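Trainee: Every letter in the sequence shown is one number past the one before it in my numbering, and letter 110, counting from 1, is 110.
Worth flagging that the hints you see were computed from the coordinates, not collected in a lab.
Small disclaimer: the values here were computed from a predicted structure and weren't measured.
Glycine included, every Cβ here is placed at the ideal spot set by N, Cα and C.
Treat each hint with caution, since some may be false.
Straight-line alpha carbon distances no greater than 30 Å define the calculated DSBU-like cross-link-like pairs of lysine-lysine that follow [claimed, not checked]: (1) Lys410 x Lys606; (2) Lys32 x Lys410; (3) Lys606 x Lys626.
Label pairs and their calculated CB-CB ranges [stated by the list, open to error]: (4) Asp444 x Gly188: 37 to 47 Å; (5) Asp242 x Asn602: 46 to 56 Å; (6) Ile27 x Gly657: 48 to 58 Å.
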Amino acid sequence: MKRILLFVLVIGLGLSVYAQQAYQFRINGKEKKALSRILPGDQPLNAVPMVKADKQTKRITPPADRDVNIVSIVPIGTSANAYGYYGNQRSYVWVDPTLNTVSNFHRMGGALDPGGYSGDYGYDRSIDGGQNWVNEIEVYRATNNAGGTYYLDAARYPNHGIYNPEGNTDPANAYIVFFGPNLDGSNGGSWGGYSYGVAQIGDTSVHTKNLLSSHDDFYHLIPSAYDLTSQGLSMVVDINYDISGSTYLDALNLIRGYWDDDAQDFVYTEELMDAPMPGSGGTADEKVAFSPDGQTGYICVLGDDGSAEQPGGFSGYYPIYWKSTDAGETWDGPYFIQLDGANGLGGIVYHHLSDSAIANLFEPPVPAREDINYTTAFDFDIAVDNNGNMHIAVVIGPTGSDAYSIITAKGYIAAYDIFTDDGGTTWYAEEMGRLLNFRGSFGDISCDNRIQITASQDYSKFFISWLDTDIEDAEENNQPNIFIRGFDPATYLKTQSGDAANPDGPTNVTLFSDAMWQAYFFAAPKVDFEPAAGTYNIPFVYENMDPNDPIQPVQFEYIQDFSFSDADFTVQGIGQNKVASESNVAVSQNFPNPFNGTTYVNVSLKSGSSVSIDVFTLTGQKVMSKNYGYLNAGTHNLTISSDNLSTGVYFYTVNAGTNKVTRKMIVE
1 MKRILLFVLV IGLGLSVYAQ QAYQFRINGK EKKALSRILP GDQPLNAVPM
51 VKADKQTKRI TPPADRDVNI VSIVPIGTSA NAYGYYGNQR SYVWVDPTLN
101 TVSNFHRMGG ALDPGGYSGD YGYDRSIDGG QNWVNEIEVY RATNNAGGTY
151 YLDAARYPNH GIYNPEGNTD PANAYIVFFG PNLDGSNGGS WGGYSYGVAQ
201 IGDTSVHTKN LLSSHDDFYH LIPSAYDLTS QGLSMVVDIN YDISGSTYLD
251 ALNLIRGYWD DDAQDFVYTE ELMDAPMPGS GGTADEKVAF SPDGQTGYIC
301 VLGDDGSAEQ PGGFSGYYPI YWKSTDAGET WDGPYFIQLD GANGLGGIVY
351 HHLSDSAIAN LFEPPVPARE DINYTTAFDF DIAVDNNGNM HIAVVIGPTG
401 SDAYSIITAK GYIAAYDIFT DDGGTTWYAE EMGRLLNFRG SFGDISCDNR
451 IQITASQDYS KFFISWLDTD IEDAEENNQP NIFIRGFDPA TYLKTQSGDA
501 ANPDGPTNVT LFSDAMWQAY FFAAPKVDFE PAAGTYNIPF VYENMDPNDP
551 IQPVQFEYIQ DFSFSDADFT VQGIGQNKVA SESNVAVSQN FPNPFNGTTY
601 VNVSLKSGSS VSIDVFTLTG QKVMSKNYGY LNAGTHNLTI SSDNLSTGVY
651 FYTVNAGTNK VTRKMIVE
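Whenever a hint applies, use it, and build me the whole structure from the sequences.
Mentor: As structure tokens, this is what we get:
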């Protein structure tokens with residue numbers, strides 16, 4: 001009898017959930033869910049001989065009319081296998097512009113470390129801005145073979161940075177700081193320990209090795225959140241996760257390290273911070289970042305703590321954050337960012353899907369824009385500007401029918417910068433580019449878009465990069481290029497694509513280079529190089545690997561000379577009209593579009609307001625303005641004429657009181 005009652009209860013709950021879902025999908029949205037949080041630890045004890053993967057493509061000469069930036073690529077260190085860069089860590093590559101130094105931190109092995117062990121750590125470094133390199137400098141060696149096949153102190157997916165003592169100008173006196181998990185088994189399974197230490201750049205004999213097992217109420221996993229401030233704080237965030245019970249313990253583990261002159265090392269303490277996630281039962285990813293002065297910091301996770309509305313009845317992830325204004329000593333929060341619904345981010349709610357995309361995705365009657373659920377993908381990155389405002393680089397798409405899944409069909413996902421300009425009171429969303437493919441699979445490992453964010457040295461501009469396969473008939477992200485878009489939140493100008501025919505888009509960094517379609521598991525730094533005023537050099541590192549066999553050794557490749565200049569910031573975003581999380585106005589895409597003659601725009605007002613429309617060129621020049629006066633609450637059909645507009649692409653901005661909404665239109 002109990003079994004029958006339980007079955008009836010389950011059916012009832014299922015009907016209840018279905019009844020709360022406001023719409024149905026009409027196409028195969030290629031829904032994807034998060035990969036398993038527990039990553040395998042079973043790579044070979046010793047590296048197998050290096051077998052260089054065949055190039056999938058040779059260097060291609062671009063057409064004469066193609067505006068491209070062919071980059072220079074320099075081989076640097078090696079690793080025993082593709083797991084050298086695997087995971088959601090975002091601090092494999094570190095730039096210290098004050099020392100003109102860049103470092104690439106990874107696990108050892110491969111051609112430059114014959115017989116080397118993948119449980120050891122090493123790094124490659126350049127002290128002349130990436131021109132010349134010293135590679136495969138070992139700083140951590142696993143020695144405890146009591147575990148049998150795997151050393152108990154075998155280190156895995158690392159975080160790292162460069163600590164430059166105050167007043168120092170010589171790279172030789174700076175330190176590589178590293179922190180990662182190991183396989184000591186103290187948290188059940190293989191995981192549970194931390195491996196950390198420092199290594200002096202100028203004297204390779206000066207390095208430290210520290211180990212910390214799971215203990216008391218602290219259950220260690222695989223930290224993906226790390227930042228190192230110039231003031232001497234090494235900050236790590238991990239989830240408190242009991243592997244034996246496969247249970248998220250509703251807390252984050254905050255691990256603070258401070259430089260100790262006597263020890264010539266960072267000394268760490270641990271603290272648990274409550275972070276219950278009753279909706280998602282855990283987090284998809286975590287990040288931490290501080291402002292340049294080291295005072296304002298944010299811890300951000302992707303999860304569902306039950307705070308956000310789910311307007312369409314489909315459960316998704318959203319950013320949840322804590323904020324510190326005292327260099328990480330105390331944290332306020334949690335706060336959440338509503339992505340969707342009437343109180344969501346206008347840049348997503350009203351801009352992410354076109355009318356035709358909505359009609360293709362959903363069964364009729366199609367939902368209103370305010371009823372469509374959106375979710376983040378499963379990894380992200382953050383930065384904090386010099387005014388203490390957080391920027392979140394993340395992929396966004398409609399939520400799938402399965403809880404915490406994302407629609408990944410072509411054209412339905414995009415990279416965003418979600419950011420605040422007032423310390424977290426108001427949030428905005430600026431699209432950086434549409435993605436064609438989402439996840440790639442390589443043997444027994446997978447990789448999503450690996451979105452990352454790099455700041456200019458004054459933290460006024462942000463460069464958001466990701467992986468995507470742009471081959472026309474590709475179904476998965478298995479042959480990735482690196483794409484990037486620069487964004488200036490003060491002007492809302494974004495960089496042009498490099499394609500003269502279609503300037504409004506991201507730049508393909510690896511187009512027509514040796515890395516084309518094979519920039520596997522790339523990494524970007526938190527800060528750029530600036531070799532000249534107004535020039536922003538963003539270095540990248542990727543793995544040259546055999547995509548069919550990730551256990552084979554890999555070669556790290558450094559992209560040396562990709563850069564933007566101030567002159568590249570020419571494309572106007574939606575930002576002279578920042579669409580905040582609460583808006584009095586909803587604006588449709590103009591129809592027809594493209595058009596020649598007259599096009600129409602529906603403007604819906606929650607309350608009466610004065611309304612006007614401005615039309616801008618791609619370079620931000622205003623070419624038309626029309627004032628409609630005061631309009632009452634409700635929906636109004638407004639017109640735009642092409643009489644004085646030449647053929648091309650324009651932006652139209654609807655101004656309704658203090659609210660502004662911008663969309664793109666095409667005049668034929």
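Trainee: Determine for every hint whether it applies to the structure shown.
Mentor: Cross-check of the supplied hints:
Of the supplied pair hints, the one linking Lys410 and Lys606 is violated, its CA atoms being roughly 33 Å apart against a limit of 30 Å. Distance hint between Lys32 and Lys410 is fulfilled; the C-alpha atoms sit about 13 Å from each other, no more than 30 Å. Taken as a hint, the Lys606 and Lys626 pair is honoured in the structure, with Cα atoms around 21 Å apart against an allowance of 30 Å. Restraint check, Asp444 to Gly188: a C-beta distance of roughly 21 Å breaks the suggested window 37 to 47 Å.
Remark: the range hint 46 to 56 Å for Asp242 to Asn602 is upheld by a beta-carbon distance near 52 Å. Range check, Ile27 to Gly657: Cβ separation about 38 Å, and the 48 to 58 Å hint is violated.
Comparing the model with each numbered hint stated earlier shows that hints 1, 4, 6 do not hold.
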